[in-house]
Every structure is written in structure tokens, then in C-alpha cells.
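Chains as they are written, first to last, in my numbering: chain A, 691 to 804; chain B, 43 to 157.
Hints are supplied without guarantee of correctness; some may be wrong.
Okay, derived cross-link-like pairs now, SDA-like style, lysine to any residue, Cα gap no bigger than 25 Å in a straight line [claimed, not checked]:
#, chain 1, residue 1, chain 2, residue 2
1, A, 742, A, 755
2, A, 792, B, 55
3, B, 119, B, 104
4, A, 792, A, 730
5, B, 64, B, 111
6, A, 703, B, 84
7, B, 91, A, 719
8, A, 788, B, 70
Which residues of chain B face chain A? A few of them, derived with a C-beta cut under 8 Å, are [said to hold, decoys possible]:
#, residue
9, 74
10, 76
11, 84
12, 91
13, 93
14, 98
15, 132
16, 145
17, 147
18, 148
19, 149
20, 150
Quick caveat, the hints were computed from the structure, so don't treat them as lab data. A virtual CB, placed ideally from N, CA and C, is assigned to each residue, including glycine.
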Amino acid sequence: AAGVIQSPRHLIKEKRETATLKCYPIPRHDTVYWYQQGPGQDPQFLISFYEKMQSDKGSIPDRFSAQQFSDYHSELNMSSLELGDSALYFCASSRSLKTGEKLFFGSGTQLSVL
Amino acid sequence: AQSVAQPEDQVNVAEGNPLTVKCTYSVSGNPYLFWYVQYPNRGLQFLLKYITGDNLVKGSYGFEAEFNKSQTSFHLKKPSALVSDSALYFCAVRGPNTGRRALTFGSGTRLQVQP
Chain A
691 AAGVIQSPRH
701 LIKEKRETAT
711 LKCYPIPRHD
721 TVYWYQQGPG
731 QDPQFLISFY
741 EKMQSDKGSI
751 PDRFSAQQFS
761 DYHSELNMSS
771 LELGDSALYF
781 CASSRSLKTG
791 EKLFFGSGTQ
801 LSVL
Chain B
43 AQSVAQPEDQ
53 VNVAEGNPLT
63 VKCTYSVSGN
73 PYLFWYVQYP
83 NRGLQFLLKY
93 ITGDNLVKGS
103 YGFEAEFNKS
113 QTSFHLKKPS
123 ALVSDSALYF
133 CAVRGPNTGR
143 RALTFGSGTR
153 LQVQP
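Sequences are here, hints too, so could you generate the full structure?
Following this line, the structure appears as C-alpha cells:
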């Protein structure tokens, strides 16, 4: 079965650079969530989209932005990168916004800021 | 605000013994509770969820969880642990009345099953 695809798998950037992370949800899933997981930390919710509109906002820094496109894939744009942005970034998708829907997670993008 | 607490950073159990990973939650209204497992360098995988109905929920890989409303707990259990169960386990909650559709995760519990 198709899963959530994230690219790239690994990304190395320097401070003050920009990065773009991509997420391709499971087919027919219209909801995408972005999470950030620092080393040894629990996943922290950043932002979510439903039907190409932002549905919820968590602890996403102002330096970051995201959007969901017409084909439902999503991109997380990160600017003015800081050392503290080094983390594993997960994307998850679900069939709808219904509260009981389970999330399917991608394998994540490991971002290292040097 | 919704929150989840996993009081144990690590749980050690011998293979074949029963295991319990603890989780308590705080949310307005009836909770939607989930357990996810994370293997090294992998995304989180869904194990089970509680929405409504029977307090004992059965999930993947022989895991089950018991919802206890009075104790606001949702402990993960398995009657007989396997070495391959060793991983990081996250409890998560989503409250229907908060407007927050995203899951809020606990801090995670590392399960170590010794052969």
C-alpha cells in the first residue's frame, strides 16, 4: 500500500540558509500535518492543512511557512535557519479532519543545520 | 489545552512477560486517544485508538490499551513481550472540543525487551 512520502530524507544546511521539505500524502488523503521532533523529544505539531487551506497552527516559527497544493502535496519552507532547527520533520496525512481519523506518518526528513 | 503524560522514560521487561506502558491525559470533553510506535529512523506507526465504546481496545501486533475515564488513563499493554517490541512508544490525545485537530503527543516511553 502507498505510504506518505517525504523528501529529501536527509538535508544539511548552514545557518541563515533556506530549506524546503516536501510531503506527498497517501492518495485520497486530503489532510496533511507537519511535526517537528528534536533529538530525544516528542513530536511537536507545527501546522496542518485540509483541502489546501490551513486548518490549524501549532508552534511553527514565523520563519517557516507551508502550503498544500492542488494535488494535495505539501511543502514546508524554512528560512533563516538556526542551529535549533536541527530536527526530524515528519509529515502525516489522514483521510479527513474527523477527530477519530488516524494519522499516517512519513519516515521524516532529518534536517541538520551547521 | 490538551496534554498527555507518560511518566516513565523507559520500561524494561523480559521477553515473554507482560508489559505496561503508562499514559494519562488531560482534555476538555471526551478524549480521542492513540498509541503510536517509533522504530529507529522511522516514522510513527499507528498501533490503536480509543474513540468510544469498549474500554479495552485491541490493536496491532498483539497490543491492547485500557481506557479508564475516572483515572484519565490509557495504558498500553501486551500479555507477552517480544524482543522485537523494543521501540519508542508515544501516547497521543485529540480533544473534540478544543478545535485542535492535530494530535498532542506525550514525551514517549522507550520499551526495552530483554531476551
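We went through each hint and held it up to the structure:
1. A:742 <-> A:755: The hint holds at about 14 Å.
2. A:792 <-> B:55: Since the Cα atoms of residue 792 (chain A) and residue 55 (chain B) sit roughly 28 Å apart, the hinted pair is violated (cutoff 25 Å).
3. B:119 <-> B:104: 9 Å, holds
4. A:792 <-> A:730: 23 Å, holds
5. B:64 <-> B:111: 14 Å, holds
6. A:703 <-> B:84: 21 Å, holds
7. B:91 <-> A:719: Holds. Residue 91 (chain B) to residue 719 (chain A) sits at ~19 Å (cutoff 25 Å).
8. A:788 <-> B:70: Holds. Residue 788 (chain A) to residue 70 (chain B) sits at ~17 Å (cutoff 25 Å).
9. 74: Since the shortest Cβ distance to chain A is 5 Å, the answer is holds.
10. 76: 7 Å, holds
11. 84: 6 Å, holds
12. 91: 6 Å, holds
13. 93: 4 Å, holds
14. 98: Residue 98 (chain B) check fails; min Cβ-Cβ to chain A is 17 Å, beyond 8 Å.
15. 132: Interface hint status for residue 132 (chain B): holds (6 Å vs cutoff 8 Å).
16. 145: With Cβ-Cβ at 6 Å, under 8 Å, it holds.
17. 147: 4 Å, holds
18. 148: 6 Å, holds
19. 149: With Cβ-Cβ at 5 Å, under 8 Å, it holds.
20. 150: 5 Å, holds
Hints 2, 14, counting from the list given before, are not met by this structure.
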